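Engineer: Each chain, letter by letter, is given below.
Protein chains: 2
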Amino acid sequence: MSKKELQRQERRSWGRIETNINELVSGVKENKFSSIARAISMVEDEDPLLRKDILRKIGAPTKKAHVVGITGPPGIGKSTLIGNLSSGMMTRGIRNAVLAIDASSPFTGGSLLGNRIRMQDKLRDSHVFMRSLANRGEKGGLSRSAIGAVRILEAAGNQEIIIETVGAGQADLDIMNLADTIVLVLAPGLGDEIQAIKAGIMEISHIFVINKMDREGAYFAMKDIEDIVSMDDHSDWKRPVVGTTSKDNESYNSLIEAILSHRKYLEMNNSLSVKRKFMEMETALEDEINENITSKLKKKLIEVQTSGNKLSNDKSDEDPFSVAEELLKNFLEYSVE
Amino acid sequence: MSKKELQRQERRSWGRIETNINELVSGVKENKFSSIARAISMVEDEDPLLRKDILRKIGAPTKKAHVVGITGPPGIGKSTLIGNLSSGMMTRGIRNAVLAIDASSPFTGGSLLGNRIRMQDKLRDSHVFMRSLANRGEKGGLSRSAIGAVRILEAAGNQEIIIETVGAGQADLDIMNLADTIVLVLAPGLGDEIQAIKAGIMEISHIFVINKMDREGAYFAMKDIEDIVSMDDHSDWKRPVVGTTSKDNESYNSLIEAILSHRKYLEMNNSLSVKRKFMEMETALEDEINENITSKLKKKLIEVQTSGNKLSNDKSDEDPFSVAEELLKNFLEYSVE
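Sequence order for the protein chains is A and B. Its first residue numbered 1, the first sequence is counted upward by one per residue in my numbering. Its first residue numbered 1001, the second sequence is counted upward by one per residue in my numbering.
Where hints are given, some of them may not hold.
[Unchecked claim] Some, not all, of what chain A presents toward chain B, calculated at C-beta under 7 Å: (1) Arg56; (2) Met281; (3) Leu285; (4) Glu288; (5) Ile293; (6) Thr294; (7) Leu301; (8) Pro320; (9) Val323.
Don't read these hints as lab results, they were simulated from the structure. Small disclaimer: the values here were computed from a predicted structure and weren't measured. Note that the Cβ used here is the ideal one computed from N, Cα and C, for glycine as well.
Kindly generate the complete structure, drawing on both the sequences and the hints.
Structural biologist: Dropping the structure here:
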């Protein structure tokens, strides 16, 4: 095949991808589950150009979604709670979607699966879109995927987007920053663990849930949290403590009320999704720098290493900072300070 | 105070910091534990200039250290094993230090503490330097701290640096990349869990340990792993499976032998610390870009947002990618492609 023909073919296949992405984005905006799933997969992949292309075509939402982050220790019943919360919202006509974040390690992944599958079944019955996002190895990759996925779910017209994290690491905390409303789920009998939890997570939570209210000591646990919370409250938002139990479907209504009233509070203060928009900008900026500078210079670093073999050679223990400074200086050579 | 006086004072205090860092680095090279601890704390802090200053002054090591990463599921007895491994090395005259990585979440942090404290006591008795590194919130911050800490421990003249991770997340895996030798610790009766572990971690490990060999089924577990490993072996290094138990101190000798023989294997192939040197370069490059470009542009982003109030304003749902592109374009305006 001649060079011209190859170029023509390349352009054609680009054209095809172009059409496909436009179709995909239309599908997303019509709330087609298959399109949403595919769009999220594409955003999850590590091709930054593709991610940018899709998210750009999705554009600004016609209506802002409210992002609710649900976190808490493993085994506290978050999946079951989310299943009931989400289907309860649907019953009230509030369209919502669920993102389950899986930042677990290779050693602790398995145990959560069962509950997630039961949740998935429940959500399917209620026609709720649900998707898991897993670690793909890249630093910060999970929170980048989550940002993209939320934008897609917002474009699909969801009013509420519920994000579940297993609370298993730094990635989870980064993702919690996406949420307009953070719900911390606890259970009776945690005792000492609450002391450990207090540092950090308590402060950033907007709503507290005591799950498994049918258990002994539930009301004491609620009282404990209420005491801690009332001492810490420094904003206009009085943080509620809500009790839930899978034995009583009605109990989720108070949680829905609390979530909707925090949404209203944010809207009144013009702060719905402000933090998220800023994270989108920061991530886009990081991507842009990575694509145009960092990845190019890393390639250069590998070239330097493999050609001159300077790094593997015993005596040339070069100062990494000088190498880095030189690489960047050369890159910016003609730029103005 | 006049401007001149202020400047003079500033210079003086800089001079003082300068002297202190030089003293600190001398202390590190004399293997003073207090200096090592302080240097690691400074590298752990988020001031990139200070980190750069210290690591640069530490310079190239006179003798390369061998970095051993020890990983495995929580509760498998890693801390006890490391205590015995490290003191066993000391008995043989092999100077070593221990870094314990704590990438745990706010929800799961507490349970490990007891074993770590027992390990710390054991190590103190053997005059081994031991330090924990914890998550400080920044993306990739933990692996950055670990890189710096290893460099400091190497400068202090340690021949072996043992890194323990709880295997609790992405950060742990990043840090495992620092290790010349990865030791995967398992125990009898894991059964199904080994299936889950197989993905990823098994492939990158160089030595396998069945700990708690006094337990029932220990020899079957060893045989299982030996079978899996022998099928997967594609390099000249035949990956050994070693049994250990805290009931028999002698059992750690075979682990020490395996570690030393992998070190010898790497040295013969000129590959000791090659991967680590490359990570140091990459990290230095990322720091350099972050300091000179990313952090400046993020500040600019905040300025744009707060001044024009463009992002919090309802109708201006700007495309984050266009904002990012423009910011970077302006920055690089005069640079050459």
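Engineer: Take the hints in turn and mark each one as holding or not.
Structural biologist: Checked hints:
1. Arg56: Hint on A/Arg56: holds, closest Cβ of chain B at ~6 Å, below 7 Å.
2. Met281: OK, holds: A/Met281 within 7 Å of chain B, min 5 Å.
3. Leu285: Holds, because the Cβ-Cβ distance from A/Leu285 to chain B comes to roughly 4 Å (cut-off 7 Å).
4. Glu288: For A/Glu288, the interface hint holds, since the closest Cβ of chain B sits about 4 Å away, which is under 7 Å.
5. Ile293: holds (6 Å)
6. Thr294: At 6 Å from the nearest chain B Cβ, A/Thr294 passes the 7 Å test, so the hint holds.
7. Leu301: holds (6 Å)
8. Pro320: With a minimum Cβ separation of about 4 Å from chain B (threshold 7 Å), the hint on A/Pro320 holds.
9. Val323: holds (6 Å)
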